[in-house]
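Asks: Residue-level listing of the chains:
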Amino acid sequence: GAVVSQHPSRVICKSGTSVKIECRSLDFQATTMFWYRQFPKQSLMLMATSNEGSKATYEQGVEKDKFLINHASLTLSTLTVTSAHPEDSSFYICSASTTSGRYNEQFFGPGTRLTVL
Amino acid sequence: AQSVAQPEDQVNVAEGNPLTVKCTYSVSGNPYLFWYVQYPNRGLQFLLKYITGDNLVKGSYGFEAEFNKSQTSFHLKKPSALVSDSALYFCAVRDGPGGATNKLIFGTGTLLAVQP
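From first to last, the protein sequence lines are chains A and B.
Oh and the first sequence: position 64 is 64 in the working numbering, straight run, nothing missing.
Oh and the second sequence: position 56 is 1056 in the working numbering, straight run, nothing missing.
Think of the hints as simulated: they come from the structure by calculation, not from any bench.
Glycine is no exception: its CB is placed at the ideal position from the N, C-alpha and C atoms.
Careful, some of the hints might be misleading.
Straight-line distance between alpha carbons at most 30 Å, and here's what the computed DSBU-like set of lysine-lysine pairs gives [as the list claims (entries may be wrong)]:
| no. | chain 1 | residue 1 | chain 2 | residue 2 |
| --- | --- | --- | --- | --- |
| 1 | A | 64 | A | 41 |
| 2 | A | 66 | A | 14 |
| 3 | A | 66 | A | 41 |
| 4 | A | 55 | A | 14 |
| 5 | B | 1049 | B | 1022 |
| 6 | B | 1049 | B | 1069 |
| 7 | A | 41 | A | 14 |
| 8 | B | 1058 | A | 41 |
| 9 | A | 41 | B | 1022 |
| 10 | B | 1022 | A | 66 |
| 11 | B | 1058 | B | 1022 |
| 12 | B | 1077 | A | 66 |
Chain A is faced by these chain B residues, among others (derived, beta-carbon under 8 Å) [as the list claims (entries may be wrong)]:
| no. | residue |
| --- | --- |
| 13 | 1012 |
| 14 | 1034 |
| 15 | 1041 |
| 16 | 1042 |
| 17 | 1043 |
| 18 | 1046 |
| 19 | 1047 |
| 20 | 1056 |
| 21 | 1058 |
| 22 | 1061 |
| 23 | 1063 |
| 24 | 1103 |
| 25 | 1107 |
| 26 | 1109 |
A few chain A positions that, by computed beta-carbon distances, are all more than 12 Å from chain B [to be verified]:
| no. | residue |
| --- | --- |
| 27 | 16 |
| 28 | 19 |
| 29 | 55 |
| 30 | 73 |
| 31 | 76 |
The following block holds chain A by itself, in its conformation from the complex:
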């Protein structure tokens, strides 16, 4: 299967700072990337969908000015949590998919644990 990486795997930051999380598709070109948020012992909540070269589509209730998503290339999408606060602490997971026809499912990254102090 296809491989998706995330960096960093863990990050601890102070309240008010911004944090950038990278999501990379390592062996395929991802036309679409998804960003999810997962709270402890809960399901994944889709935050936004990003297509390469266009603006991300955010789910209802997700602040687009707080969670900035950039999908600048077919192998890289970034999520920037701006002015982070303790309530933003969570496990963030990205996934990637392609319309190339070789794959027909989303491939998930290993996740990033964000802790805001």
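Using the hints provided, position chain B relative to the given structure of chain A.
Replies: Frame of chain A; chain B shown alone:
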């Protein structure tokens, strides 16, 4: 709107016994159903999917799932559980026929605990 339900928060099974993790779905149109597994502090790993064709779908690590249209179910099964199967399992439905670029809607997850 598409949705899936996982009625059990946790399933306990002894090693070597068969296991079933339940999932029911509600969709308009044809269902595109998936199972994923998540180990602690890890992302999701794809197990199997149903798009069309045979109702019994075989996937990774010896897992299989049976698509039942009349019962709107897609239960995950394995004939003989391993302790290493202990993890969090998610059922998901794709929101639309547009392929992998459509978003997934996840169930609440079922924690599988396999006792030695």
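Asks: All hints are to be evaluated individually against the structure, with a verdict given for each.
Replies: Now the hints, each set against the structure:
no.: 1; hint: 64/A <-> 41/A; in the structure: holds (25 Å)
no.: 2; hint: 66/A <-> 14/A; in the structure: holds (16 Å)
no.: 3; hint: 66/A <-> 41/A; in the structure: holds (24 Å)
no.: 4; hint: 55/A <-> 14/A; in the structure: holds (28 Å)
no.: 5; hint: 1049/B <-> 1022/B; in the structure: holds (15 Å)
no.: 6; hint: 1049/B <-> 1069/B; in the structure: holds (15 Å)
no.: 7; hint: 41/A <-> 14/A; in the structure: holds (24 Å)
no.: 8; hint: 1058/B <-> 41/A; in the structure: holds (27 Å)
no.: 9; hint: 41/A <-> 1022/B; in the structure: holds (18 Å)
no.: 10; hint: 1022/B <-> 66/A; in the structure: violated (37 Å)
no.: 11; hint: 1058/B <-> 1022/B; in the structure: holds (16 Å)
no.: 12; hint: 1077/B <-> 66/A; in the structure: violated (41 Å)
no.: 13; hint: 1012; in the structure: violated (16 Å)
no.: 14; hint: 1034; in the structure: holds (7 Å)
no.: 15; hint: 1041; in the structure: holds (7 Å)
no.: 16; hint: 1042; in the structure: holds (6 Å)
no.: 17; hint: 1043; in the structure: holds (4 Å)
no.: 18; hint: 1046; in the structure: holds (6 Å)
no.: 19; hint: 1047; in the structure: violated (10 Å)
no.: 20; hint: 1056; in the structure: violated (18 Å)
no.: 21; hint: 1058; in the structure: violated (15 Å)
no.: 22; hint: 1061; in the structure: violated (13 Å)
no.: 23; hint: 1063; in the structure: violated (15 Å)
no.: 24; hint: 1103; in the structure: holds (5 Å)
no.: 25; hint: 1107; in the structure: holds (7 Å)
no.: 26; hint: 1109; in the structure: holds (5 Å)
no.: 27; hint: 16; in the structure: holds (26 Å)
no.: 28; hint: 19; in the structure: holds (18 Å)
no.: 29; hint: 55; in the structure: holds (15 Å)
no.: 30; hint: 73; in the structure: holds (17 Å)
no.: 31; hint: 76; in the structure: holds (17 Å)
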